[in-house]
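K.L.:
Chains as they are written, first to last, in this note's numbering: chain A, 1 to 364; chain B, 1001 to 1372.
The reader is advised that the hints may include incorrect statements.
Unchecked claim - Covered, in the sense of this in silico footprint (three residues per stretch, anywhere, with C-beta under 8 Å from a C-beta of chain A), are these stretches of chain B: (1) 1154-1161; (2) 1193-1204; (3) 1240-1247; (4) 1330-1342; (5) 1345-1351.
Unchecked claim - Here are a few chain B residues that face chain A, going by a calculated C-beta distance under 8 Å: (6) Phe1099; (7) Leu1100; (8) Ala1102.
To be verified - With a cut-off of at most 30 Å between alpha-carbon atoms, the simulated DSSO-like pairs for lysine-lysine come out as follows: (9) Lys1370(B) x Lys6(A); (10) Lys1232(B) x Lys164(A); (11) Lys1250(B) x Lys1300(B); (12) Lys198(A) x Lys41(A); (13) Lys248(A) x Lys1232(B); (14) Lys41(A) x Lys1232(B); (15) Lys360(A) x Lys6(A); (16) Lys1250(B) x Lys1370(B); (17) Lys41(A) x Lys360(A); (18) Lys1370(B) x Lys358(A); (19) Lys1300(B) x Lys248(A); (20) Lys1300(B) x Lys361(A); (21) Lys1250(B) x Lys34(A); (22) Lys1300(B) x Lys360(A); (23) Lys198(A) x Lys164(A).
No lab work stands behind these hints: they were computed from the structure. Quantities reported herein were computed from a predicted structural model and do not represent experimental measurements. The beta carbon of each residue, even a glycine, is placed where N, CA and C say it ideally should be.
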Amino acid sequence: MDKMPKWADVLLIPFINLLLAFILSGLVILAIGKDPLVAIKTMVEGSFGSTNAWGYTLYYATNYIFTGLAVAIAFHARMFNIGGEGQAAIGGLGVALVCLAVDWPHWTLALPAATIGAAIFGAGWALIPAYLQARRGSHIVITTIMFNFISAALMGYLLVNTLKEPGNMAAETRDFPAGAHLPSFHEMLAPFGVEFSKHAPANISFLLALLCCFLFWVLIWRTRLGFAIRSFGHSETAARYAGISPTKIIMISMMISGALAGLMAINNVMGESERLILNSVEGAGFIGIAVALMGRSHPVGVFLAALLFGFLTQGGAELQLWENIPRELVVVIQALVILFTGALDNMVRAPVERLFLKFKKRVA
Amino acid sequence: MDFLTLIQILDSAVRLATPLLLACLAGLFSERGGIFDIGLEGKMLAAAMLSASVAAVTGNVWLGMFAGVGISILLALLHGLASITFRGDQLISGVAINFLAAGLTVVIGQSWFGLGGRTPSLMGEGRFKSLEWPLAETLEGIPIAGPLYSELISGHTFLVYVALLAVPASWFILFRTRFGLRLRAVGENPAAVDTAGISVVRLRYAAVAICGVLCGLAGVYLATGLAAGFVKDMTAGRGFIALAALIFAKWRPWHAMGACMLFGVLEALSNRYQSIEAPTYIIVAILIVMAAGLVWSSRKSLLDLAVLGGVAFLLVTVGTVSLFSSGLFGQTAIPGQFIQALPYILTVVILAGFVGKATPPRAGGEPYVKER
């Protein structure tokens, strides 16, 4: 069968989808009586205009790299993990327990321990939906949605009743010990003579996220397990025939997915707030869906899409501040990106494919 | 708990179950027709917002209702466009619609009213009024039957009765009409329907449109019946509880009513009480029986034993903690958060198939591709 070239599939189609999403978002801005060009300018300045702005953009991007990779690995096994939100929240619980259990002497010790805590808790929260999908055939989408709500209730209960510092009104844990403080970009770049804003939340977990991107690539395209996951995602019957156990693949890929979502807590709980607060995930788990769809489940794509959504989130906050446009505009853009790249993909793909075919025929 | 409290809780349960029931029936039509819809939440939210806005501006709740239902149908057709015409992923389309509604309601609401995403409070003709049934006040004095009639049956708004009537209507349409038979067939085996010369596309669009109408009514009731105006994110997961109820009911209308009423009672209880006290020995006994059941059902495979044994271990731990903190014959407080999470937990249990298996319509979630 004739197909269009690879670059069109990887670059052109996502670009058209994104363009459509942005055009519609621009129309929304026009509809509420604001100027889209001013809005874009505010967003770009607010998210790239200073090191402080960059710090926020990269901080959000770090969150989305983790949740995006989490959704992406499940996509490779043809599963839709919509539970990143809950897994990241429970990952935060893991980070908080590790950080509060010991008076850490230095972050180089605290970071590996907290990473393990976040990964185990996140994976643990994905374990039951994965098991139910693998052994009982319960649809993973429904169970992970339910687990998002269960995790919200659980975290509410734990923070109000067990983890809260006595005498504190807010539902949050006490501050993590000073030894669990992760170096921010300001501290990391100071030795190199780079003056990075002191107040920006971007921290060393950005490097951890990059490392995860690389490991993700190695796992999926350079290991036997990755091959098994991809084969299972392409055709379950073929994979089964090749001796790949569906149970094993479903369980393992979902656990990795949960662990990746949980790792997000290193950034937002340990790196930014340095204590566990209520609703710490703030929808990043859901943005991971848009990021994975945009990034075509490839770590490079996920990284770029995460940057884009980091820009949108930070830019959206600036819009609220300067232009009085609610930051929920970002949710609209996110919805449109998911709609065009995920659900209405064929709407763009079919005409483009036809165009390429016509072009090819003429050349031949 | 005295009789009057019981009546009051049931009364509030009926009110709280109404949006669930309407949304659940909406999902029932869509999913029976083979289109999964996790966008119930978004359609409800959009309908709630637009109905409250129109009702606030015009002062007429009926106009608000039509506007709310209209926007819900539009979103339903968008879902249809993505999942029927362009054969996209129905789950992803549903997610997109939820976010679209969550974002747009606030962005547009802020631009219209400038109240941070709220709409102005509805008064007078802007809300649905409670319908007092004949003789409700005169009969109130009669013991038991009086309050039952005047509190529980009478005095709800128009849409509550619509929701209750929609149950037998849905049952009749789905199981006693030609359209219903075809709709169910298209959800189980669209190829067979196509072979019979009936348009799969048209049937599925019809299913999605009915879903839009019912979902719209659910949203309209939220903003103009249950509350007096729209607030940001006012659906608060109700679309997903409706989805849970649908699975709980195994895609059947009468059972859907039962499930929604159950979830309504749970919500009413958690609204009324911070936590519910129960004798510790009963709680411990329930937990132990559940843990034993899990271990027993997993005796054949190591993986089952590892996962379910882990869950059983957690249950026993919770039991032990409550035993030590209150003594065997003391009272243990069941936290309100647990009651709120109970619909979701029950749904997972049902989905797991430990208590009756929930099997969705067979062709659900798959776009239909005509053979060439």
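K.L.:
All hints, please: hold or fail.
P.N.:
Now the hints, each set against the structure:
For the segment 1154-1161 of chain B, the assignment as covered by chain A is violated, since 0 residues bring a beta-carbon within under 8 Å of that chain's beta-carbons and 3 are needed. Under the rule that three or more residues need a Cβ within less than 8 Å of chain A, the assignment of the segment 1193-1204 of chain B is violated, with 0 such residues. Counting residues of the segment 1240-1247 of chain B whose CB falls under 8 Å from any CB of chain A gives 4; the rule of at least 3 is met. Only residues whose beta carbon comes within less than 8 Å of a beta carbon in chain A count, and the segment 1330-1342 of chain B has 5; three or more means the coverage holds.
Requiring three or more residues with a Cβ within less than 8 Å of a Cβ of chain A, the coverage given for the segment 1345-1351 of chain B holds, as 4 such residues are present. Hint status for Phe1099(B): holds, given a least beta-carbon distance of 4 Å to chain A, under 8 Å. Here the hint on Leu1100(B) is kept, as its CB sits about 4 Å from the closest CB of chain A, short of 8 Å. The beta carbon of Ala1102(B) comes within 5 Å of a beta carbon in chain A, closer than 8 Å, and the hint placing it at the interface holds.
Only pairs whose Cα atoms come within 30 Å are accepted, and Lys1370(B) paired with Lys6(A) is accepted, the gap being roughly 28 Å. With a C-alpha separation of about 28 Å, the suggested pairing of Lys1232(B) with Lys164(A) holds against the 30 Å cut-off. A hinted pair counts as satisfied when its Cα atoms are at most 30 Å apart, and Lys1250(B) with Lys1300(B) qualifies at roughly 28 Å. With a C-alpha separation of about 24 Å, the suggested pair Lys198(A) and Lys41(A) falls inside the 30 Å cut-off, and the hint holds.
About 42 Å separates the Cα atoms of Lys248(A) and Lys1232(B), which puts this hinted pair outside 30 Å; it is violated. Pair hint Lys41(A) plus Lys1232(B) holds up; C-alpha atoms about 28 Å apart against a cutoff of 30 Å. Under the criterion of a C-alpha separation no larger than 30 Å, the hint pairing Lys360(A) with Lys6(A) is consistent with the structure, at around 14 Å. At most 30 Å may separate the alpha-carbon atoms for a hinted pair to count; Lys1250(B) and Lys1370(B) meet this at roughly 28 Å.
Using a Cα cut-off of 30 Å, the hinted pair Lys41(A) and Lys360(A) is violated, with the two alpha carbons roughly 40 Å apart. At roughly 24 Å between alpha-carbon atoms, Lys1370(B) and Lys358(A) fall within 30 Å of each other, so this suggested pair holds. Among the hinted pairs, Lys1300(B) with Lys248(A) is consistent with the structure: their alpha-carbon atoms are about 17 Å apart, no more than 30 Å. Among the hinted pairs, Lys1300(B) with Lys361(A) is inconsistent with the structure: their alpha-carbon atoms are about 60 Å apart, more than 30 Å.
Pair hint Lys1250(B) plus Lys34(A) does not hold up; C-alpha atoms about 47 Å apart against a cutoff of 30 Å. Of the supplied pair hints, the one linking Lys1300(B) and Lys360(A) is violated, its CA atoms being roughly 58 Å apart against a limit of 30 Å. A hinted pair counts as satisfied when its Cα atoms are at most 30 Å apart, and Lys198(A) with Lys164(A) qualifies at roughly 29 Å.
Going through the hint list in order, the structure does not satisfy hints 1, 2, 13, 17, 20, 21, 22.
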